Amino acid sequence: MAKIQAIHTCGHTEEYKIAGRKNEAYWQSRYEAEACWECRKAEENIKAQLANQSNGLPALSGSEKQIAWAETLRMKSLKSIEQFIDDARKLGERQGVDQAQIDEGIGKLQAAADKIKGVALASWWIDRRDHTAQEFLREALTRG
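For any residue, its number in our numbering is found by taking its place in the sequence shown, counting from 1, and adding 198.
Quick caveat, the hints were computed from the structure, so don't treat them as lab data. Since this is a predicted model, take the numbers as computed values, not measurements. Mixed in with the good hints there might be a few duds.
Capping the alpha-carbon separation at 30 Å, the derived lysine-lysine pairs in BS3-like fashion look like this [claimed, not checked]: (1) Lys220 x Lys263; (2) Lys288 x Lys263; (3) Lys239 x Lys277; (4) Lys288 x Lys274; (5) Lys215 x Lys201; (6) Lys277 x Lys263; (7) Lys245 x Lys263; (8) Lys315 x Lys201; (9) Lys288 x Lys306; (10) Lys277 x Lys306; (11) Lys288 x Lys239; (12) Lys220 x Lys288; (13) Lys315 x Lys288; (14) Lys263 x Lys239; (15) Lys239 x Lys201; (16) Lys215 x Lys277; (17) Lys315 x Lys277; (18) Lys306 x Lys239; (19) Lys313 x Lys277; (20) Lys220 x Lys239; (21) Lys277 x Lys288; (22) Lys220 x Lys274; (23) Lys215 x Lys288; (24) Lys245 x Lys220.
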């Protein structure tokens, strides 16, 4: 197993162990063409924070690291929830469910999603990082 030193676009240097058929030059050029993992995660967290702010979500509270991580978790979770609600509407329509029943059910899901959007504790998002959209919605619906 060979080792290479790569200087990323962000200026950070990392050592990587490489194995397999691709040569060292391939991996060297690949790693040096991108920012390091920490800088990529930091950029993702900043983008999530800006998206969450532009969507009118409340600022999160917690430590700096918790907030950075939770912003990304919150953005991904809310996208998943919105997709689930949209899929539920489409499923109801495909199955020929009465439009009034669909609207009622979607209204309940949307109200639950709105409760979830209001959660401002970074630790809450971190504790639920593995939740599916259904688990988020079920928790919001059962807690009233």
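Do the hints match the structure? See the list:
1. For the hint linking Lys220 to Lys263, the alpha-carbon distance of about 36 Å lies beyond 30 Å, and the restraint is violated.
2. Taking the CA atoms of Lys288 and Lys263, the gap is about 38 Å. The hint is violated against a cut of 30 Å.
3. Distance restraint check for Lys239 and Lys277: the Cα-Cα separation of roughly 18 Å lies within the 30 Å cut-off, and the hinted pair is therefore satisfied.
4. Restraint check for Lys288 and Lys274: satisfied, since their Cα atoms lie roughly 21 Å apart, inside the 30 Å limit.
5. Our distance criterion of 30 Å between C-alpha atoms is met by Lys215 and Lys201, whose separation comes to about 4 Å.
6. The hinted pair formed by Lys277 and Lys263 meets the criterion: a straight-line CA distance of about 22 Å does not exceed 30 Å.
7. The straight-line distance between the Cα atoms of Lys245 and Lys263 is roughly 15 Å, inside the 30 Å bound, and the hint therefore holds.
8. Note on Lys315 and Lys201: the hinted pairing is violated, with a Cα-Cα distance of about 45 Å set against a maximum of 30 Å.
9. For the given pair, Lys288 sits about 16 Å from Lys306 by alpha-carbon distance, which is consistent with the 30 Å threshold.
10. With a C-alpha separation of about 17 Å, the suggested pair Lys277 and Lys306 falls inside the 30 Å cut-off, and the hint holds.
11. Proximity of Lys288 to Lys239 is assessed by CA-CA distance (about 34 Å); at most 30 Å being required, the pair is judged violated.
12. Proposed proximity of Lys220 and Lys288 is contradicted: the alpha carbons are some 46 Å apart, above 30 Å.
13. Proposed proximity of Lys315 and Lys288 is supported: the alpha carbons are some 23 Å apart, at most 30 Å.
14. This hinted pair checks out: Lys263 and Lys239 have alpha carbons roughly 11 Å apart, not beyond 30 Å.
15. A threshold of 30 Å between alpha carbons decides the hint, and for Lys239 with Lys201 the separation of about 24 Å falls inside it, so the pair holds.
16. Distance check on the hinted pair: Lys215 and Lys277 sit about 36 Å apart at the alpha-carbon level, beyond 30 Å; violated.
17. At most 30 Å may separate the alpha-carbon atoms for a hinted pair to count; Lys315 and Lys277 meet this at roughly 11 Å.
18. For the given pair, Lys306 sits about 34 Å from Lys239 by alpha-carbon distance, which is inconsistent with the 30 Å threshold.
19. With a CA separation close to 15 Å, the supplied pair Lys313 and Lys277 stays within the 30 Å bound.
20. The hinted pair formed by Lys220 and Lys239 meets the criterion: a straight-line CA distance of about 26 Å does not exceed 30 Å.
21. As the CA atoms of Lys277 and Lys288 are separated by approximately 17 Å, the hinted pair is consistent with the 30 Å bound.
22. Under the criterion of a C-alpha separation no larger than 30 Å, the hint pairing Lys220 with Lys274 is inconsistent with the structure, at around 34 Å.
23. At most 30 Å may separate the alpha-carbon atoms for a hinted pair to count; Lys215 and Lys288 exceed this at roughly 47 Å.
24. The hinted pair formed by Lys245 and Lys220 fails the criterion: a straight-line CA distance of about 33 Å is larger than 30 Å.
Hint check: violations occur at hints 1, 2, 8, 11, 12, 16, 18, 22, 23 and 24; the rest are consistent with the structure.
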